[in-house]
Amino acid sequence: MFHLLDIIGTMAFAMSGALTAMNKKLDPFGVFIIAFVTAVGGGTLRDIMIGRTPVGWMQDLNYVYVIVIGFILAILFRKKFDRLRTSLFLFDTIGLGVFTLIGLEKGISVGLHPVICIALGTMTACFGGVIRDILCTEIPVIFRREIYATICILGGIVFFLLRKLDLDNDVLYLTTSLVIISVRLMAVKFKWYLPALEQK
Amino acid sequence: MFHLLDIIGTMAFAMSGALTAMNKKLDPFGVFIIAFVTAVGGGTLRDIMIGRTPVGWMQDLNYVYVIVIGFILAILFRKKFDRLRTSLFLFDTIGLGVFTLIGLEKGISVGLHPVICIALGTMTACFGGVIRDILCTEIPVIFRREIYATICILGGIVFFLLRKLDLDNDVLYLTTSLVIISVRLMAVKFKWYLPALEQK
Amino acid sequence: MFHLLDIIGTMAFAMSGALTAMNKKLDPFGVFIIAFVTAVGGGTLRDIMIGRTPVGWMQDLNYVYVIVIGFILAILFRKKFDRLRTSLFLFDTIGLGVFTLIGLEKGISVGLHPVICIALGTMTACFGGVIRDILCTEIPVIFRREIYATICILGGIVFFLLRKLDLDNDVLYLTTSLVIISVRLMAVKFKWYLPALEQK
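Protein chains in written order, with UniProt numbering: chain A, 1 to 200; chain B, 1 to 200; chain C, 1 to 200.
Bound-form chain A, shown alone:
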């Protein structure tokens, strides 16, 4: 079940990368690389920083296959994405929840402090998108608009609070994901956003 959600999230991230790259009129190789990096970039950065190498996707070809499928789907349906926007957004939100959890878990498994684990969860969920935007020479969208990373941080705090209650792991994971997913859905529906900090 968890693995299925990981696959859905990876595919959604790959498709979001492919779409951004096609908007920039890149060639198919560029589109593929940006799909790839969007999907695995956050986890790669996390694995590198905690020293779990070779990084995750190098040891499980399923990620490569899922990204290739996401890339092909994004190309085939590229003219229909306006209609698919809602489904894609849902998948992306599932990815946000699942990737945050994976980052939290990895941090715990290396014995890091909860604050650092939350940083790792946020990095796993958000930095694929940051690298995608940098490769397309855009200021990362999560630094400018939308409550996105903030939700991962919130989810991480909920996770560690619940963890003190000695809940079953499945309940813990499910609750954390649902918090992240539902806050994101509400944030978009009610247009919550963080105001820009200006100097003047």
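Derived by calculation from the structure, the hints in this document are not laboratory data.
Each hint should be verified, as a subset may be incorrect.
Copies of one chain are not kept apart here, so a pair can be met inside one copy or by any two copies together.
[As the list claims (entries may be wrong)] Below, simulated DSS-like cross-link-like pairs (lysine-lysine); rule was C-alpha separation at most 27 angstroms, straight line: (1) K191 with K25; (2) K25 with K189; (3) K79 with K24; (4) K25 with K79; (5) K80 with K24; (6) K164 with K106; (7) K80 with K25.
In this text the structure is predicted, and so the values were computed from the model without any measurement.
Chains B and C: place on chain A using the hints.
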């Protein structure tokens, strides 16, 4: 003493990151991330490249606290930064000296050649700023203006020359930092800069 | 022989980095860093991802020397590069072949799947240029124009197909490099390119 200077440098770097991000009108999360990356980015890259993982700031929460404080100060005083410019510049220069030393020491502790240690020192001091500028889609300022990295390289050379004299470590550190700090102050005062290399 | 080609490739990559940086009117330090990163960036990323640290160039000063020489040559001859374009292109193509092979070999030595080894070979050959372009705030040229990375992937496939024939290693290396080099020469001569994927 050395640790105090490390803290001053980290805070100065975090504030310089926060200011750059606020100039780009980022939201608070974006400002925080760029403050964070400016402060720890150089050391993170160094630790990753020499294989000291989990990277430094993941094992010492003090860095996180210092950066959070720097971030909050930068937001609170963001309208007064013109008047604070001189203090900030001094702190930043202290950071330059201290971070270069830390990078040199880490390189030596892993048994690397002096040339590589100097590269690590320069990277520690300068690459937080490089990543900051990339995340803001600017060509890194240290590639364009100001003698900055060149001073770290000079400091590294002085460090290894003095090291042959079998000085006390404290004297060695102090002298190297003072060289870096005073050359930087002079470079800015007397407007030393490297001319751009043009092709035509 | 192989090592000589590695040196030629490294120098060509350093020079291409220096030229790009000079086009952006960077100062000498910026030009040097971008020459350095172009030459070793791909291999550094590969070593970090597979956990071979300290990364390659930190353990072999020859890379540093070669890059310094390439940097100096690029500055000295910067006004004559139009006439040298063909030689530089040839060197760069040799680098493409050699770096792909080195990446493939490193992947095999860590016991990774052929698909991942091909990714590592492509990354070794292409990501120095990607980082170069990002540091100059350009969308990476290999995502936009020219069949470049695609040739590395093709070379990797040829490599693993030939490898099943139980050939001598030298023959295997030579054939793979020649495939990469000759396909690149043909791609440029006959103006093969991948069409941009557009959404509308």
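If you test the structure against every hint from before, which numbers come out violated? none
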